[in-house]
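**Student:** If you want the building blocks of each chain, they are given just below.
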Amino acid sequence: AQTVTQSQPEMSVQEAETVTLSCTYDTSESDYYLFWYKQPPSRQMILVIRQEAYKQQNATENRFSVNFQKAAKSFSLKISDSQLGDAAMYFCAYRGRNNNDMRFGAGTRLTVKP
Amino acid sequence: NAGVTQTPKFQVLKTGQSMTLQCAQDMNHEYMSWYRQDPGMGLRLIHYSVGAGITDQGEVPNGYNVSRSTTEDFPLRLLSAAPSQTSVYFCASSYSGQGDDIQYFGAGTRLSVL
Chain B
5 AQTVTQSQPE MSVQEAETVT LSCTYDTSES DYYLFWYKQP PSRQMILVIR
55 QEAYKQQNAT ENRFSVNFQK AAKSFSLKIS DSQLGDAAMY FCAYRGRNNN
105 DMRFGAGTRL TVKP
Chain F
-11 NAGVTQTPKF QVLKTGQSMT LQCAQDMNHE YMSWYRQDPG MGLRLIHYSV
39 GAGITDQGEV PNGYNVSRST TEDFPLRLLS AAPSQTSVYF CASSYSGQGD
89 DIQYFGAGTR LSVL
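Just so you know, the sequences run in chain order B and F. Be aware that the first sequence starts at 5, since it is given in the working numbering, and climbs by one per residue. Be aware that the second sequence starts at -11, since it is given in the working numbering, and climbs by one per residue.
None of these hints come from the bench; they were simulated from the model. For every residue, glycine included, the Cβ atom is placed at its ideal position computed from N, Cα and C. A few of these clues could be false.
To be verified - Computed footprint of chain F on chain B, listed as stretches where at least three residues anywhere in the stretch have a Cβ under 8 Å from a Cβ of chain F:
#1 51 to 62
#2 98 to 105
#3 108 to 116
Full structure from sequences and hints, please.
**Tutor:** Here is the structure:
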């Protein structure tokens, strides 16, 4: 079964600076999808960004971008110009191409310091 | 726009009691799913449904039942609650549940089993 590992239980960043959250995964599939979700204290899960494995270009969404390294099975999230509202738990997730089962990592708690 | 609505938000049960967690979506999504979130473990899939009348097991189905009589509703039943089922439960929905399909999550139900 596919596994997703987030090796940083907690991270902190100064407001306006850049932070990178790490995610690695284990799979034997060649075609799959990767996601980053944000969970603020409200508990609501919000999609931040997604990446298709067969696309070499890294996905970007405003201040959020990913560094997708397929060979290394790595999918890190970079948050630029961090804002207080970015403070949350961040979850990395994997889904196979024809699979209904989305696998989540254990999460990284991000603190933003003013 | 309601999106995905879960009720109740909080619930305390005694061991052996039964209850149903409700989930409804108004986006005409075919795919619906239930996850549980435990500290340090991310979200794990309990059951999912790809359409009315069709359900299947996820990663951690034991102790839970589901049914899908309508497109809108996907209740999760605990027949005999156990302390190990203390968790936060999330319902999610999406168009197909495959590929890069975005899942929309409810606000969660915090369940404590004493």
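**Student:** Counting residues of the stretch 51 to 62 of chain B that have a beta-carbon nearer than 8 Å to any beta-carbon of chain F, does the count reach 3?
**Tutor:** Coverage by chain F holds for the stretch 51 to 62 of chain B (3 residues, Cβ < 8 Å).
**Student:** Between the stretch 98 to 105 of chain B and chain F, are there enough contacts, at least three residues with CB-CB distance under 8 Å, for the coverage claim to hold?
**Tutor:** holds (count 6)
**Student:** Apply the coverage criterion to the stretch 108 to 116 of chain B and chain F: a residue qualifies when its Cβ sits closer than 8 Å to a Cβ of the chain, and three qualifying residues are needed.
**Tutor:** This one holds; 4 residues, not fewer than the three required, reach chain F with a Cβ under 8 Å.
In the structure shown, no violation is registered for any of the earlier numbered hints.
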